[in-house]
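**Q** These are the residues of each chain, in order.
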Amino acid sequence: MQGFSTLFYKEILRFWKVSFQTVAAPVLTAVLYLLIFSHVLESHVEAYPGVRYTAFLIPGLAMMSMLQNAFANTSSSLIQSKITGNIVYILLPPLSHLEFFLAYVLAAVVRGLVVGSGVLAVTMWLAWPEFKYPLWILAFALLGSSVMAILGLIAGIWAEKFDQLAAFQNFIIVPLTFLSGVFYSIHSLPAFWLGVSHLNPVFYMIDGFRYGFFGASDVSPWLSLAVVSGTVVVLAAFTLQLLRTGYKLKH
Amino acid sequence: MSVAIRFSAVKKRFGELEALKGIDLEVREGEFFALLGPNGAGKTTLISVLGGLTQADSGTAEVLGSDVQRDYRAARRKVGIVPQELTFDPFFTVRETLQFQSGYFGLRRNHAWIDELLEQLGLASKADANMRALSGGMKRRVMVAQALVHKPPVIVLDEPTAGVDVALRQTLWAFIQRLNGEGHTIVLTTHYLEEAETLCNRIAMLKQGELVALDDKAALMASHSARVLSLRLFPDVLPAALQPLLVSQEGGAYQLKLDDCGTLEGMLATLREAGVAVQDMEILKPDLESVFLDVMGRKRG
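Chains as they are written, first to last, in our numbering: chain A, 1 to 251; chain B, 1 to 301.
Hint data in this document are derived by calculation from the structure and do not stem from the laboratory. Glycine included, every Cβ here is placed at the ideal spot set by N, Cα and C. One or more of the hints may lead you astray.
According to the in silico footprint, chain A covers these stretches of chain B (three or more CB under 8 angstroms from chain A) [said to hold, decoys possible]: (1) 44–52; (2) 161–167.
Far from chain A, by Cβ distances over 12 angstroms, these chain B residues were calculated [to be verified]: (3) SER2; (4) GLU16; (5) LYS21; (6) LEU25; (7) ASP71; (8) ARG76; (9) HIS111; (10) ASP128; (11) SER135; (12) PHE234; (13) ASP236; (14) GLY251; (15) ALA253; (16) GLU282; (17) ILE283.
Subject to a maximum C-alpha distance of 30 angstroms in a straight line, what follows is the list of computed DSS-like cross-link-like pairs (lysine-lysine) [what the hints assert, rightly or not]: (18) A:LYS248 <-> B:LYS139; (19) B:LYS257 <-> A:LYS250; (20) B:LYS151 <-> A:LYS250; (21) B:LYS21 <-> A:LYS248; (22) B:LYS257 <-> B:LYS285; (23) A:LYS17 <-> A:LYS250; (24) A:LYS82 <-> B:LYS257; (25) B:LYS139 <-> A:LYS17; (26) A:LYS82 <-> B:LYS207; (27) B:LYS126 <-> A:LYS248; (28) B:LYS139 <-> A:LYS82; (29) B:LYS126 <-> A:LYS17.
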């Protein structure tokens, strides 16, 4: 699996070389959200009993940063390679579809985790969230980043112009991540929107992730685990098939 | 001698355009092979099929016996392709680029060969420079190195010397010839026909997706004996009798078709009778360029 490890390493080096843009910037953004929203809403909102709003917000922001950055890593890498043309150097070697898939996805998961850790590392000084069930935290961090990494791979394969990728990102990914309970607990939503939220896979990622911190969630963590794992499997199968047919990568 | 590359009835269509209309072609092991043709003939498409970048609509392609679709991992290991377009990854240095390529091909510790490639291709001083900082010629050298990191038995170069200066072209070809001497099969496409003429022993010509010529270089040159008689005359008038033989006029000299040297005497006699003196005379041997133009011109697609 030398091909896999090389491509994996290269993808990590790629984002690490510009870590200001790929890690530091998202961490700063998350911190800014935290400072502003907690200042505005701290005394007005109590999402979970006994939990400060600022503390409540932190896991949601960490997860949102992880998800958006995992998506960005695969999608931007692929679209840039396609448009500049250097994707040939990945397509000419004897890499299997699985090696290709795993290298891109896992590198994006690493990026997600690095950003998530960065957000937590900085924000926990502002409001200490509990870390009740670290394994749940890790599980959802990995699974959530994987879903977004795979979606990023699909988007990167499909998009032919930066514009199309931006559309995918801004009209699908960003709304999904924002409207998933990052800034609020969904039980405060009216019935219709509550129902809609339950259709958003990102909701389950954030809910389960937050359970790992506070031991409180809107739905059972096991349900969330099932939904998110199922999403990973379905997306992975779809993407591997996409790679097998050479859709948009091979003419 | 075994077959290095085999194309069988390869067809490829891009929407309305039939890029390849059923190509049957074999390149033998150890050959230095030229694939020639005008722009849009299908050379790059054919090479893309070989490398797995494009999937043929029908037909098969093999590298040293491995089918490029069914047995793609083995096939790709056996071939190194230098693409036509100048592309590179702007995030990495030259050495990193070559190390990654080695890794993709399953070679973990390839430092010795990478160092030799850098040396042979004149890249040693730029090994740790970012790809963006290189000139076009240097980028192209890196592209050649990338195709060679896994020492493939079959090497395909798609217009490797386009826009490259003379000194670099010499260096490049010296290195490729050395590899050919060591047993590597070389296939090249180029618009510089002098290169093909000098380097290659067998030549194929592609026009609008069809193979219009395929032969040993010597045989091809002999079968299209486009010998030309170049005359500078005084007075500068070509007698009417010789007008049908006129191929072109270049810099004050008349280029006449000379199929058979036996007709030379008759032509000179015609000139003498017309009172025209020959100031300068040259017999130009056929070169690949004239053969190429002849082949392309005859097969009006």
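**Q** Are any of the numbered hints broken by this structure? If so, which, sorted upward?
**A** Numbers 2, 7, 8, 19, 24 and 27, in rising order.
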